[in-house]
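J.: As they're listed, the protein sequences go chains F and E.
Just add 199 to the spot in the first sequence (first one is 1) and you have this note's numbering.
Just add 43 to the spot in the second sequence (first one is 1) and you have this note's numbering.
Don't read these hints as lab results, they were simulated from the structure.
There could be a bad hint or two in this list.
As the list claims (entries may be wrong) - Sample of chain E residues at the chain F side, in silico, Cβ under 7 Å:
1) Pro191
2) Pro194
3) Ala195
4) Leu199
5) Ser233
6) Glu240
7) Ala241
8) Ser244
9) Leu245
10) Met247
11) Val256
Said to hold, decoys possible - Here's a subset of chain F near chain E, in silico, CB distances under 8 Å, partners left out:
12) Arg282
13) Met293
14) Glu312
15) Ala313
16) Val317
17) Gln320
Because the structure is a prediction, the values reported are computed rather than measured.
All C-beta atoms, glycine included, are put in the ideal place defined by N, C-alpha and C.
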Amino acid sequence: MTAMIEAVDVHKRFGMVHVLKGIDLTVHSGEVMVIIGPSGSGKSTFLRCINHLEKIDAGTLSVDGELVGYRRRGDRIYELKDREVCRKRAEIGMVFQHFNLFPHMTVLDNIIEAPVRVRGQRRSEAAQNARRLLDRVGLGDKAESYPRQLSGGQQQRVAIARALAMEPKLMLFDEPTSALDPELVGDVLDVMQQLARDGMTMVVVTHEIGFAREVGNSLVFMDEGVVVEAGHPREVISNPKHDRTKAFLSKVL
Amino acid sequence: MTSLTKQQEPPSGQAPVKAVPVRHPGRWVAAAVLLVLVAMLAHAVVFARIKRGNSLQTRFGWHVVGQYFLSRQILDGLVVTIELTAIAMAIGIVGGVILAVMRLSPNPIVRWIAWVYIWFFRGTPLLVQLLFWFNLSYVFPKLSIGIPFGPAFLHLNANTLITAFVAAIIGLGLNEAAYMAEIVRAGMLSVDEGQIEAAQSLGMSRLLTMRRVVLPQAMRVIIPPTGNETISMLKNTSLASVITVTELLYSVQIIYAATYQTVPMLIVASIWYIIVTTVLTTGQYYVERYFGRGSSRQQPPTPLQQLRRMFSSHPNVPPREPLEAMLLSGNRDASR
Numbered sequence: 200m201t202a203m204i205e206a207v208d209v210h211k212r213f214g215m216v217h218v219l220k221g222i223d224l225t226v227h228s229g230e231v232m233v234i235i236g237p238s239g240s241g242k243s244t245f246l247r248c249i250n251h252l253e254k255i256d257a258g259t260l261s262v263d264g265e266l267v268g269y270r271r272r273g274d275r276i277y278e279l280k281d282r283e284v285c286r287k288r289a290e291i292g293m294v295f296q297h298f299n300l301f302p303h304m305t306v307l308d309n310i311i312e313a314p315v316r317v318r319g320q321r322r323s324e325a326a327q328n329a330r331r332l333l334d335r336v337g338l339g340d341k342a343e344s345y346p347r348q349l350s351g352g353q354q355q356r357v358a359i360a361r362a363l364a365m366e367p368k369l370m371l372f373d374e375p376t377s378a379l380d381p382e383l384v385g386d387v388l389d390v391m392q393q394l395a396r397d398g399m400t401m402v403v404v405t406h407e408i409g410f411a412r413e414v415g416n417s418l419v420f421m422d423e424g425v426v427v428e429a430g431h432p433r434e435v436i437s438n439p440k441h442d443r444t445k446a447f448l449s450k451v452l
Numbered sequence: 044m045t046s047l048t049k050q051q052e053p054p055s056g057q058a059p060v061k062a063v064p065v066r067h068p069g070r071w072v073a074a075a076v077l078l079v080l081v082a083m084l085a086h087a088v089v090f091a092r093i094k095r096g097n098s099l100q101t102r103f104g105w106h107v108v109g110q111y112f113l114s115r116q117i118l119d120g121l122v123v124t125i126e127l128t129a130i131a132m133a134i135g136i137v138g139g140v141i142l143a144v145m146r147l148s149p150n151p152i153v154r155w156i157a158w159v160y161i162w163f164f165r166g167t168p169l170l171v172q173l174l175f176w177f178n179l180s181y182v183f184p185k186l187s188i189g190i191p192f193g194p195a196f197l198h199l200n201a202n203t204l205i206t207a208f209v210a211a212i213i214g215l216g217l218n219e220a221a222y223m224a225e226i227v228r229a230g231m232l233s234v235d236e237g238q239i240e241a242a243q244s245l246g247m248s249r250l251l252t253m254r255r256v257v258l259p260q261a262m263r264v265i266i267p268p269t270g271n272e273t274i275s276m277l278k279n280t281s282l283a284s285v286i287t288v289t290e291l292l293y294s295v296q297i298i299y300a301a302t303y304q305t306v307p308m309l310i311v312a313s314i315w316y317i318i319v320t321t322v323l324t325t326g327q328y329y330v331e332r333y334f335g336r337g338s339s340r341q342q343p344p345t346p347l348q349q350l351r352r353m354f355s356s357h358p359n360v361p362p363r364e365p366l367e368a369m370l371l372s373g374n375r376d377a378s379r
C-alpha cells in the first residue's frame, strides 16, 4: 500500500500557543483513519494543515508523495504559488462541521460551481454528474432547493456531494456530525460508510466512536498536540494502553 | 364607538371574554390635537390665499408650480440630474468595490493607498471637491498621457476636456467611491469565514472566491445602505448647480432668476426629487429581494403583491401563510 498522507514531526503554533507538537502519521491509500480526542487537542488543526488551510511551522507533511504547500528542488524548498496551492487543494475534498454550503446558490449550483469554474467542465456535463452524486447521497429530489430549505443532515450530505464532484483522491471530514441533531447523524454516517466501502481514502475527525469502530481502519487518539495512541480501532477502543486514552474513552463511550 | 386600537378576533370555537375595555382618553385627545394641526397646515399650504400685487394667490403659488412642472426646461434638468446620479453612483460602486478589495489586500502599500484615498475624500467637503475639479485646469492646464517622468504621447487641454458636467461626475463619483468602499468592506467582512474556507478547499482562487462566493453574499448587507447612498446622491447632485451644471436645481434657479417666483420653483424641484426618491425606494426593494434569495425560507410579498391583496375583495382573501403574516406584521425574527 502506498502512503497517501505522510506527516513527520509536524508542528504548528498560533502565536504563543503550541497546537501541534510533532505529529507523526501515515495514512495509506484506501485507508479510513479516524482521529479522536478532546477539543483543543489539535486534531482539526492537523486536518486543516493537510489541505494547506493552515501552514505548518516545522516538520514535513506530504500528500501523495508531494509536499503540502511547498516544492522540493534539490535540497531547497520553495513555497508554491497561489495557483498551484489551489490546484492541489482541488484534489482534496473537505467536509466541515458547519457544512459551509453557499447559501445564495441552489444545491445543484453549489455542486457544479467548482467543477465548472475551477476545472472548466461544461455546465451540462457537471450538472449531470452532480445529479448522479445527489442520487448517491439520497437527495436526488433536492437539486433546485436552497441550502437553508434543507435539514442539517441533508445539508451535510450535499456538502459531501459537493466535495466528491471534484473527484478527490482524499477526503477530509472535520467533525461532520457534531452540528447535527442526533436523529440526523445516521444518514450522514451511512453516506460516509458507503464512501469508505467504495475505497475512498478518508481522514475523519469525529466523536462518533461507533463509526470509528465499524468503518475505521485505524484510530488515532490525540491530546494536547501529540498522538497519544494509535492502532486498530477495535483494539484501541476495547483495550486502550494509555491512561489519557482510557480517561477520554470512559467519558465518550 | 370604535376603538383606536385593533380589536383582536376571539379564537374560533370559544366564547369571547365579555369585559369593559380599558378607556384611553389620552389617545383621543392627542389624535384630535394632531388632526387640528394637520388641518391648519394643509389649509395654509394648499388653500389659503394672500394678496400679491393686484391678485389673490395661494401662499405657495400653486398655479406657477402647475405651469412649470412639466415644462421643457424642468424636464431637461431632471434628465441631467438622473444622469448625474446614475453615472456618479456607477463610478462610486465600481470604485468602492475596488477600494474595498484593496483595503483587504495582503499587500501593505495597496492597503495604505486605499486608506489614504478614503481618508482624503471623506475628510474634505463634497462642495469643495466639486469646485476643485471644476477648476482643475488651473493646476493642470494640459493633461498628457505618456511614460511616467518621461515623454508624453498625447496632450489634452484640461479646459475643453473637463466640462462642468464632467467635473460634476468626477467629483460626485470619486467622493462616493470613498463611502461605498466602507459599505462594501463591511459587507465582505460580514460573510462567514467558513464560506471562504469552503471555496478554498474546492480549489477556488482568491479572486474567484471573492467574485462568486463573498460578494454575492455581501450584497445582502451592501444593498440597503447603497440604496441610501443613491438617494443621497440624487439630492447631492444639486450641489453641481454651483459649478453651472444645468441639473434640476440650476434649471429652477435660471427660471426664478428671471421670474422671481423663487418659492414655487423650489416646490417644483422638491416634488420631482420626492418622485424620483420614491421610485428609487421601490427599486431598492426589488433588488434586496433578488439578493435575499436563499436567505429565508419564503420571500416577503412585493409591494405590487401587497397592493393587489389590499384591493382584492375582502371575503375572498385567502388566509395568509403564517410566516408571511409574521413578516407583514414586522415580526421578522419569529420566522427563524
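J.: Take the hints in turn and mark each one as holding or not.
T.: Do the hints match the structure? See the list:
| no. | hint | result |
| --- | --- | --- |
| 1 | Pro191 | 28 Å, violated |
| 2 | Pro194 | 36 Å, violated |
| 3 | Ala195 | 36 Å, violated |
| 4 | Leu199 | 39 Å, violated |
| 5 | Ser233 | 13 Å, violated |
| 6 | Glu240 | 6 Å, holds |
| 7 | Ala241 | 4 Å, holds |
| 8 | Ser244 | 4 Å, holds |
| 9 | Leu245 | 4 Å, holds |
| 10 | Met247 | 6 Å, holds |
| 11 | Val256 | 6 Å, holds |
| 12 | Arg282 | 7 Å, holds |
| 13 | Met293 | 4 Å, holds |
| 14 | Glu312 | 7 Å, holds |
| 15 | Ala313 | 4 Å, holds |
| 16 | Val317 | 5 Å, holds |
| 17 | Gln320 | 13 Å, violated |
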